[in-house]
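Kindly generate the complete structure, drawing on both the sequences and the hints.
These protein sequences, in sequence, are chains V, Y and X.
Using my numbering, the first residue of the first sequence is number 1, and each one after it goes up by one.
Using my numbering, the first residue of the second sequence is number 213, and each one after it goes up by one.
Using my numbering, the first residue of the third sequence is number 425, and each one after it goes up by one.
Bear in mind the hints are in silico, worked out from the structure with no lab data behind them.
Backbone N, C-alpha and C fix where the C-beta goes; we use that ideal spot for every residue, glycine too.
Mixed in with the good hints, there may be bad ones.
To be verified - Going by beta-carbon spacing under 8 Å, a handful of chain X positions derived as facing chain Y:
(1) 438
(2) 505
(3) 536
(4) 541
To be verified - Pairs of lysine-lysine residues, derived as DSBU-like cross-links and limited to a Cα-Cα distance of at most 30 Å, are as follows:
(5) 538(X) to 370(Y)
(6) 582(X) to 601(X)
(7) 114(V) to 624(X)
(8) 412(Y) to 253(Y)
(9) 158(V) to 624(X)
(10) 380(Y) to 412(Y)
(11) 158(V) to 582(X)
Each chain, letter by letter, is given below.
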Amino acid sequence: CRNLTLLRSIVDERLEVFSADTIGIRDHALESVGSRIVHGKGLTAGEYSPDLRTNFLAWLDWKLSPARPAEAVIDSDTTIGNCWACEPSNCNVTIELHRPLIPTDVSVDHIPEKIALHMSSAPRDFHVWGLRRHPSFAGDEQDQELLGTFRYDIHQGKPVQTFPLHVKKESPLSRLKFQFTSNHGHANYTCVYRVRIHGKEWEDPIRSEIQD
Amino acid sequence: CRNLTLLRSIVDERLEVFSADTIGIRDHALESVGSRIVHGKGLTAGEYSPDLRTNFLAWLDWKLSPARPAEAVIDSDTTIGNCWACEPSNCNVTIELHRPLIPTDVSVDHIPEKIALHMSSAPRDFHVWGLRRHPSFAGDEQDQELLGTFRYDIHQGKPVQTFPLHVKKESPLSRLKFQFTSNHGHANYTCVYRVRIHGKEWEDPIRSEIQD
Amino acid sequence: CRNLTLLRSIVDERLEVFSADTIGIRDHALESVGSRIVHGKGLTAGEYSPDLRTNFLAWLDWKLSPARPAEAVIDSDTTIGNCWACEPSNCNVTIELHRPLIPTDVSVDHIPEKIALHMSSAPRDFHVWGLRRHPSFAGDEQDQELLGTFRYDIHQGKPVQTFPLHVKKESPLSRLKFQFTSNHGHANYTCVYRVRIHGKEWEDPIRSEIQD
Ligand SMILES: [K+]
Ligand SMILES: [K+]
Ligand SMILES: [K+]
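Structure follows, in structure tokens:
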């Protein structure tokens, strides 16, 4: 680098990505773009709640605390504490996208190790499922297809980790489920700060023609 | 650059500006410093609202959505969705400054293209007006002076764009109006994330003497 | 620097620290990790309030403004205006930590000079006290030990300034008090944006054994 101008432009290029939601990739899961959490058995479930019978004080503390709803995982604010606490081996969250998409990648956010009180509650292993709503959809039953199995790594020093899906879809999906099956050692709960869904918008050839 | 120390200092210098509200320039328009939106015909007007008669569903959706008031444009939070939606060719927002100022520049913020769902709703052409409140001020009538005509460019990759005013004022102003007359192609609305007003504080020689 | 890869890694290393709460050091004072402000005479006191008798308009303005409670100082949001306003020479804030700690450093945040309307209300001289709650604790009385006397410097260009405590504790503390005794010239109030407490978690050898 012979001159400072080049240097400054490299810094600014990095800052540009950083200021674009840290990783510079569009996130379609955000509640603020119109997506939402779908509640229901097998869809979004496993919210942590201490057992009233075995630990009354922990339960009371939990009931009085500003515990976040599952919607926290599609809120871009990841300051400390802004996570959804769920059961370590049984933590499911399903997102209905603001519009059908061809998903290509997902991301998981946790707070940086440098400032976390502990990293044991960070998510570790998880599956991503594509859900299909049948015309005969009744209650919580729907087909699900495994799009990939991944691991969030707390030792690589990147708070936001992006994973390309193993299955390349050709038709769009409306619902994706994240199923977290383990954490990094915390006995009581996993704290999910944020999940992101990246992909391509899908133009329905028939609908496009009608609208034009 | 012979050593890493120089390199780190250049990075830190850039970060210092970035962490100072992205551009490192004082913004006097912020509601949090005491400025406010002035409502009224010709002042702040053109809020987007789908037509109930032609599109009942869009209208219903709009009424139920967390639509932002015009005050969003003087709130520093520019995460996605935190904008004021107004009519593409008729979008006016007037700010009463926390104290009279000699304005020198204005800025317009939009979200980075990398993360936006689309850029068509970004503002394009706009005028900035200085308003003068007459002693005989009645209702919405007041003198206005054109301070500059500008274009927000979505292709230059800078989410915050700063424009020096064409008219250099010698006496202070209390109210500035932004009039957005076009966007980048969206048929229904323009989304204004943030406007900023930069300038010099003006010391009234008479008042200063009294206070000293 | 023979190659751009090294350059980018240096930038990213700086960004990693920056994105970890600006300084990359764990803060135990945050309300979001479970710490809280302890109110009471000699603990948290000195909130600014204009005198109703001498300045009715200032008082009215104050009552109508979104004045922040003392809890603002343990909230990580330091956008402009998000501070606690207190009396210049009598500004005390006491934090009860989420768990007892061996404190090693404290930090004080203010907004960057580049964007502040003025820097005169920034805190200047302050003491940090460790408080001890006696079993015979009654009302507001408790022992306090001076852990250090520091000065926040508005001319060094660093909004977040970290100070190593002068006294190295060997046993943990639950409460720390910040006592601000001067500011940078503002006649009416000091604005405290944020205080941080850094330290080591303390493992009680007896309790640890029981839990294992
Ligand atoms: K979150
Ligand atoms: K905004
Ligand atoms: K604060």
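**Message:** Check whether the Cα positions of residue 582(X) and residue 601(X) lie no farther apart than 30 Å.
**Reply:** With a Cα-Cα distance of about 23 Å, the restraint between residue 582(X) and residue 601(X) holds, given a limit of 30 Å.
**Asked** Would the stated hint for residue 536(X) survive a check requiring a Cβ distance to chain Y of less than 8 Å?
**Response** Holds: closest Cβ of chain Y sits about 4 Å from residue 536(X), inside 8 Å.
**Message:** residue 541(X) was flagged as interface toward chain Y. Is the shortest Cβ-Cβ separation under 8 Å?
**Reply:** holds (6 Å)
**Message:** For a C-alpha distance cap of 30 Å, please report whether residue 380(Y) and residue 412(Y) respect it.
**Reply:** It holds: about 11 Å lies between the C-alpha atoms, which stays within 30 Å.
**Request:** Verify the proposed pairing of residue 114(V) with residue 624(X), using a straight-line Cα cut of 30 Å.
**Result:** holds (13 Å)
**Message:** Run the distance test for residue 412(Y) versus residue 253(Y): straight-line Cα separation, threshold 30 Å.
**Reply:** Satisfied, since the Cα-Cα distance of roughly 29 Å is no more than 30 Å.
**Message:** Can you verify the interface hint for residue 438(X): is its Cβ closer than 8 Å to any Cβ in chain Y?
**Reply:** Holds - the Cβ of residue 438(X) comes within 8 Å of chain Y, reaching about 5 Å at its closest.
**Request:** Verify the proposed pairing of residue 158(V) with residue 582(X), using a straight-line Cα cut of 30 Å.
**Result:** Holds. Residue 158(V) to residue 582(X) sits at ~25 Å (cutoff 30 Å).
**Message:** For residue 538(X) and residue 370(Y), compute the direct alpha-carbon distance and say whether it is at most 30 Å.
**Reply:** Satisfied, since the Cα-Cα distance of roughly 20 Å is no more than 30 Å.
**Item:** Restraint satisfaction for residue 505(X) [CB to CB of chain Y, less than 8 Å]
**Value:** This interface hint holds because 4 Å falls under the 8 Å limit.
**Item:** Holds or violated: residue 158(V) to residue 624(X), with C-alpha atoms at most 30 Å apart
**Value:** Holds, at about 24 Å.
The structure fails none of the hints (numbered hints given earlier).
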